[in-house]
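Please build the complete structure, drawing on both the sequences and the hints.
Spelled out from the first residue to the last, the chains are:
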Amino acid sequence: MAKIQVFLDSDVIISSLLSKTGASFEIIRTPKVEKIISKFIEGETREVSKRLKIKEKSVKKGLQKIGQVSISLTKEEIVKKYKRYVFHGVDSHVIAGAHKSKSKFLLTHNIKHYKINKIRNELEILVLKPGNFLQYLRSVDKS
Amino acid sequence: MLQAKTYTPEQVAEMLQLSKNTVYELISRGEIIAKKLGKVYRIPQSSISFIFTGMDEDILRAQKEDEKNLEKIDKALKEVRKDLWQKSRSF
Chain C
0 MAKIQVFLDS
10 DVIISSLLSK
20 TGASFEIIRT
30 PKVEKIISKF
40 IEGETREVSK
50 RLKIKEKSVK
60 KGLQKIGQVS
70 ISLTKEEIVK
80 KYKRYVFHGV
90 DSHVIAGAHK
100 SKSKFLLTHN
110 IKHYKINKIR
120 NELEILVLKP
130 GNFLQYLRSV
140 DKS
Chain P
0 MLQAKTYTPE
10 QVAEMLQLSK
20 NTVYELISRG
30 EIIAKKLGKV
40 YRIPQSSISF
50 IFTGMDEDIL
60 RAQKEDEKNL
70 EKIDKALKEV
80 RKDLWQKSRS
90 F
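Those protein sequences? They're chains C and P, same order as listed.
Using numbering that gives the first Met the number 0, read the first sequence as starting at 0 and increasing by one per residue.
Using numbering that gives the first Met the number 0, read the second sequence as starting at 0 and increasing by one per residue.
In case anyone wonders, no lab produced these hints; they're calculated from the structure.
The C-beta atom is built at its ideal place from N, Cα and C for all residues, glycine as well.
Treat the hints with caution; some may be incorrect.
Incomplete in silico selection of chain C near chain P, CB under 7 Å [what the hints assert, rightly or not]: (1) 3; (2) 10; (3) 17; (4) 20; (5) 21; (6) 22; (7) 23; (8) 29; (9) 33; (10) 39; (11) 51; (12) 73; (13) 89; (14) 111.
Some chain C residues well away from chain P (every beta-carbon gap over 12 Å; in silico) [as the list claims (entries may be wrong)]: (15) 1; (16) 2; (17) 12; (18) 19; (19) 24; (20) 26; (21) 31; (22) 57; (23) 59; (24) 63; (25) 66; (26) 83; (27) 114; (28) 120; (29) 121; (30) 137.
This is the structure:
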């Protein structure tokens with residue numbers, strides 16, 4: 000089975016650093032999934048990790064397993080193009096990253112921040128919680 | 000007192016919109032974990048958590064494990080995201 004590409008919101012990466020038995024860690028760990036983030040998400044992850052006193056070594060190790068996409072847009076461009084998919088403008092960059100990386104899935108614990116039906120219908124990206132994505136993986140796993 | 004909910008194969012067949020025989024087949028393949036009591040089966044709710052939560056029991060447990068930390072993650076992330084967003088011009 001070809002690898003499935005997913006774009007990760009910062010809360011999923013941070014969750015994976017806080018619990019090795021959670022759904023987020025399982026997603027980071029599995030080789031079946033290609034994980035992508037943006038430079039901005041990386042910055043958020045590093046800063047939140049500092050505040051939550053997560054060891055820098057663990058953060059570095061976790062981020063090594065994740066690829067990166069360049070959004071290459073100004074803030075104004077992101078707002079203009081992607082603000083309509085979120086309830087708060089500050090979350091627009093997450094949709095921009097998922098769209099620019101051509102990911103079919105955006106994984107986040109905060110699905111309520113996103114207009115998931117509009118995102119699915121117009122951008123063809125499914126916004127899911129990590130647990131729901133793991134269930135999807137199980138449903139398509141032929142082994 | 001324990002009050003774990005269990006179902007008969009017939010009830011599960013109805014909930015999953017499957018035939019009774021298919022449910023017995025799923026039990027024999029181990030896809031539905033059931034307990035045989037004499038000649039009858041009883042299926043614990045945990046074996047069919049998918050019906051209630053959309054997730055298998057182990058996945059639901061993993062999702063809930065993540066959710067234990069979400070409050071503090073959300074709080075920190077909300078502040079950091081707002082701060083970095085205000086400082087950033089291009090992405």
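Query raised in the report: Which numbered hints are broken by the structure, listed smallest first?
Result: Hints 1, 8, 9, 14, 17, 18, 19, 20 and 30 are the ones this structure does not satisfy, whereas the remaining hints hold.
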